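Enquirer: Add chain B to chain A, keeping to what the hints say.
This is what each chain is made of:
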Amino acid sequence: ETGVTQSPTHLIKTRGQQVTLRCSSQSGHNTVSWYQQALGQGPQFIFQYYREEENGRGNFPPRFSGLQFPNYSSELNVNALELDDSALYLCASSLDRVGEQFFGPGTRLTVL
Amino acid sequence: QKEVEQNSGPLSVPEGAIASLNCTYSDRGSQSFFWYRQYSGKSPELIMSIYSNGDKEDGRFTAQLNKASQYVSLLIRDSQPSDSATYLCAVKPLNTGTASKLTFGTGTRLQVTL
Chain A
21 ETGVTQSPTH LIKTRGQQVT LRCSSQSGHN TVSWYQQALG QGPQFIFQYY REEENGRGNF
81 PPRFSGLQFP NYSSELNVNA LELDDSALYL CASSLDRVGE QFFGPGTRLT VL
Chain B
3 QKEVEQNSGP LSVPEGAIAS LNCTYSDRGS QSFFWYRQYS GKSPELIMSI YSNGDKEDGR
63 FTAQLNKASQ YVSLLIRDSQ PSDSATYLCA VKPLNTGTAS KLTFGTGTRL QVTL
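Sequence lines, in order, name chains A and B.
Counting from 21, one number per residue, gives the positions in the first sequence under the working numbering.
Counting from 3, one number per residue, gives the positions in the second sequence under the working numbering.
Derived by calculation from the structure, the hints in this document are not laboratory data.
One or more hints might be untrue.
Stated by the list, open to error - Label pairs and their calculated CB-CB ranges:
id	chain 1	residue 1	chain 2	residue 2	range
1	A	GLN37	B	ASP57	46 to 52 Å
2	B	ALA70	A	ARG128	37 to 43 Å
3	B	PRO16	A	PRO82	46 to 52 Å
4	A	ILE32	B	TYR73	37 to 43 Å
5	B	ASN68	A	GLY60	25 to 31 Å
6	B	GLY43	A	GLN38	24 to 30 Å
Stated by the list, open to error - For lysine to aspartate or glutamate, the following DMTMM-like pairs were computed, each having C-alpha atoms within a straight-line distance of at most 20 Å:
id	chain 1	residue 1	chain 2	residue 2
7	B	LYS69	B	GLU5
8	B	LYS94	A	ASP105
9	B	LYS69	B	ASP57
10	B	LYS58	A	GLU120
11	B	LYS94	B	GLU5
12	B	LYS44	A	GLU120
13	B	LYS44	A	ASP105
Remember, predicted model here, so these are calculated numbers, not experimental data.
The beta-carbon is built from N, C-alpha and C at its ideal position, and this holds for glycine as well.
Just chain A, same shape as in the assembly:
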């Protein structure tokens, strides 16, 4: 059974650029949730995708957007990057919307 994978591992961007992060869910899981973890903080919920539909959103601006594909993999897109977007971006997959969430290794984004 393959676990949750994310790509890329690290990314460096400059302010104003756009970035796309990718996540493959664990086999059999149809729900993906994205979190942002700043240094020294707990993960903050960005949004959740269930069967290709956004299924709830945290307190993040519209420049954070996402997609889920028919194979349940997912993308997180961030436009107009700001310095404060520098963080570890975590994807978690679950069996369904209410199941336990298992995290991927994360993507560390640095915005200069």
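Expert: This is chain B only, laid out in the frame that chain A set:
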């Protein structure tokens, strides 16, 4: 008041001792509670989940939940140096069939000393 509160630590315990990690939450409607372990530079790893009042044991780990006091704890028996990590408490509010987000505390850093 923060939604999920944890003492940031570090909590230092000698090898072989019991480590006790605590978490309080503000949403009385919360239904599901989780403990994640996060090593430095790595992603969170789920180690325990608990849904009803009382104790739940899994190997050296015991999760304790008291919904009346809005309190959840994690005990680690026979602590090992490999247990040194940050422990994140996560709470899921009452599920209404829509998004089930996890709300995390800032984590407690545990140091197990030789």
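Enquirer: Broken hints, numbered, in rising order?
Expert: Hint 8 contradicted; others consistent.
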